[in-house]
Amino acid sequence: MAYSEKVIDHYEHPRNVGALDKNDPGVGTGLVGAPACGDVMKLQIRVSPEGIIEDAKFKTFGCGSAIASSSLITEWVKGKSLDEAETIKNTQIAQHLALPPVKIHCSVLAEDAIKAAILDYRSKRSPAKAAE
Amino acid sequence: MTTATATILKSLAEDRRNAPARPVYLDYQATTPLDPRVLNAMMPYFTEKFGNPHSRNHTHGWEAEQGVEQARQQIAELIGADEREIIFTSGATESNNLAVAGVARFYKDKKNHIITLVTEHKCVLDTCRHLEQEGFEVTYLPVEKNGLVDLDLLKRTITDKTVLVSIMGVNNEVGVIQPIKAIGEICRSRHVFFHTDCAQAAGKIPLDVEDMKIDLMSISGHKMYGPKGIGVLYVRRRPRVRLVALIHGGGQERGMRSGTLPAPLCVGLGEAAAICKREMATEAEQLTMLRDRFYASVTRRLPEVFLNGDEKQRIPGNLNISFAYVEGEGLMMGIKDLSVSSGSACTSASLEPSYVLRALGVGEDLAHTSLRIGFGRFTTEAEVDYAADRIVEAVQKLRDLSPLWEMAQEGVDIKSIKWAAH
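Taken in sequence, the protein lines are chains A and B. Residue numbering for the first sequence follows this note's numbering, beginning at 78 and increasing consecutively. Residue numbering for the second sequence follows this note's numbering, beginning at 130 and increasing consecutively.
Hints are computed from structural coordinates only; laboratory data are not their basis. Take these hints with a grain of salt, some might be off.
Stated by the list, open to error - Subject to a maximum C-alpha distance of 25 Å in a straight line, what follows is the list of computed BS3-like cross-link-like pairs (lysine-lysine):
| # | chain 1 | residue 1 | chain 2 | residue 2 |
| --- | --- | --- | --- | --- |
| 1 | B | K547 | A | K134 |
| 2 | B | K526 | A | K99 |
| 3 | B | K290 | B | K274 |
| 4 | B | K240 | B | K310 |
| 5 | A | K134 | A | K166 |
| 6 | A | K99 | A | K83 |
| 7 | B | K465 | B | K274 |
| 8 | B | K240 | B | K178 |
| 9 | A | K192 | B | K547 |
| 10 | B | K274 | A | K83 |
| 11 | B | K342 | A | K83 |
| 12 | B | K547 | A | K99 |
| 13 | A | K134 | B | K544 |
| 14 | A | K99 | B | K544 |
| 15 | B | K544 | A | K192 |
| 16 | B | K547 | A | K201 |
| 17 | A | K83 | A | K201 |
| 18 | A | K134 | B | K526 |
| 19 | B | K441 | B | K342 |
Claimed, not checked - Residues on chain A that point at chain B, a partial pick, calculated with CB under 8 Å:
| # | residue |
| --- | --- |
| 20 | L108 |
| 21 | A111 |
| 22 | G115 |
| 23 | T137 |
| 24 | F138 |
Stated by the list, open to error - Which stretches of chain B does chain A cover? Using the computed rule of at least three CB atoms under 8 Å from a CB of chain A, they are:
| # | segment |
| --- | --- |
| 25 | 310-323 |
| 26 | 344-356 |
| 27 | 440-449 |
Given the structure is predicted, the values throughout are model-derived calculations rather than measurements. Think of the CB as a built atom: it goes at the ideal place given N, C-alpha and C, for glycine as much as any other residue.
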């Protein structure tokens, strides 16, 4: 199976690899997937007091498409507000990376990861509100 | 060597020199290249000696027949059989279908039970599934953690209704060698036929149908440097094993497999068998050296690397290794200049990793991190060193990228986390 050039580019030069301090109140962490399924993504965002995503970092265990999907979404969310970042759909990721049907779940996982990171950040800021 | 062959081999070599660098081939369990000596033996049977080996009335038929019969003899010698017990087929899949379904159907009025292993090749397992629908009973025995059959369990599972035990010689994924002789003895003492799929074993380890009390054996041409599209089923004559044919027609191959024999392929498989018989011992030594060199080179530099399948009872040409915290398909993408195989099935819709590794009790997480690395007749030391370097580099890079590796370094027990299935 051949990967698209964009997937190869993200795989060979992943953007924003790394970790942020998960105990920092300004940092939201999303950990999705499962080792048994062959995909785990950890996506972290640092959010400014104005609600803008200033930085994003990821680490991914998975195939090339999973690595590319998470690398791409860290690029996309940087500079966006939380509300904007929340609107990113897996279909946009799949389309941008030209993922074949069997790899669509990689883009779904990336969408889940950013949503989980945003939720984590919000629950740290106001636990009651996030739980609603 | 004929001039025609020499010209072709020369032009092939020329093409190779001019072509861009090819990936290193380390997937000898998937298929093997044809040995040039085999090609050389086959060539005349495509052109000058093109006759139908079943044509009984002219020279063209006779010379093709002679080639086929010599091949039958060569194959028989490799496994200690009589040439009349060698049935040519299209490959090991057909041989396995014919052996399992053929024997089951022939004896169905007396016996209806078949025993096999959960780690068998799909062509044995799927045939068994079909037989279950026909009303046969099949027991799929588990294997031990090292991939080997539990002989006591096998003994206990045989009943008066058991007609056939089908257990492979060497596993295609993990390379472990089953105790064939012990299985043969158990089966013979209980008057049960013993079929063994030796697609991965023939030409690699010594096999003797008498000593090992084997009643049926499947062999594949392209796993032993022979041509693709041909295989053999050994069918014992004394005591006689009978079977219902799958392919009907002109009654060739003693009625067990009709169809015109592909003489060039038969000749090629014969020559491949002769070469294996001659060179098996030295080749095994060479492969052991390469395998050990590779394994040492990788494990010296990488922690958390696990060998799947028994350490000792395995063929030298196979390593199945889990590189913890690095997903197999992602790893393969990082080693594009190596042709290896992954135990992860991330490409399939099911997301299920290898059923063979699961049967060995390898956790799903580790099963996703495995590579099968196969060495063979044409593998060089330089290739092995190169492959080890590339794999170490890729694993290190991907571990830096892996959240699981990060957690492991922080002392987090990955099994303690409640992962959401997806």
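Hints, one by one, checked against the model:
1. B:K547 <-> A:K134: Distance ~22 Å between K547 (chain B) and K134 (chain A) Cα, so the pair holds.
2. B:K526 <-> A:K99: holds, 23 Å
3. B:K290 <-> B:K274: Measuring from Cα to Cα gives roughly 29 Å; hence the hint is violated.
4. B:K240 <-> B:K310: holds, 24 Å
5. A:K134 <-> A:K166: holds, 19 Å
6. A:K99 <-> A:K83: Not OK: K99 (chain A) and K83 (chain A) at ~30 Å, beyond 25 Å, violated.
7. B:K465 <-> B:K274: violated, 31 Å
8. B:K240 <-> B:K178: With Cα atoms ~46 Å apart, K240 (chain B) and K178 (chain B) exceed 25 Å; violated.
9. A:K192 <-> B:K547: This hinted pair holds, its Cα atoms lying about 18 Å apart.
10. B:K274 <-> A:K83: violated, 41 Å
11. B:K342 <-> A:K83: Given that 25 Å is the threshold and the Cα spacing comes to 57 Å, the pair is violated.
12. B:K547 <-> A:K99: holds, 18 Å
13. A:K134 <-> B:K544: With Cα atoms ~24 Å apart, K134 (chain A) and K544 (chain B) stay inside 25 Å; holds.
14. A:K99 <-> B:K544: holds, 20 Å
15. B:K544 <-> A:K192: Judged against 25 Å, a Cα distance of about 24 Å means the pair holds.
16. B:K547 <-> A:K201: holds, 20 Å
17. A:K83 <-> A:K201: violated, 35 Å
18. A:K134 <-> B:K526: Roughly 16 Å between the alpha carbons, so the hint for K134 (chain A) and K526 (chain B) holds.
19. B:K441 <-> B:K342: OK: K441 (chain B) and K342 (chain B) at ~23 Å, within 25 Å.
20. L108: L108 (chain A) check passes; min Cβ-Cβ to chain B is 7 Å, inside 8 Å.
21. A111: holds, 3 Å
22. G115: holds, 4 Å
23. T137: Since chain B brings a Cβ to about 6 Å from T137 (chain A), closer than 8 Å, the hint holds.
24. F138: holds, 5 Å
25. 310-323: Not satisfied, violated; 0 residues make the cut.
26. 344-356: violated (count 0)
27. 440-449: With 0 residues closer than 8 Å to chain A, the segment 440-449 of chain B misses the three-residue bar; violated.
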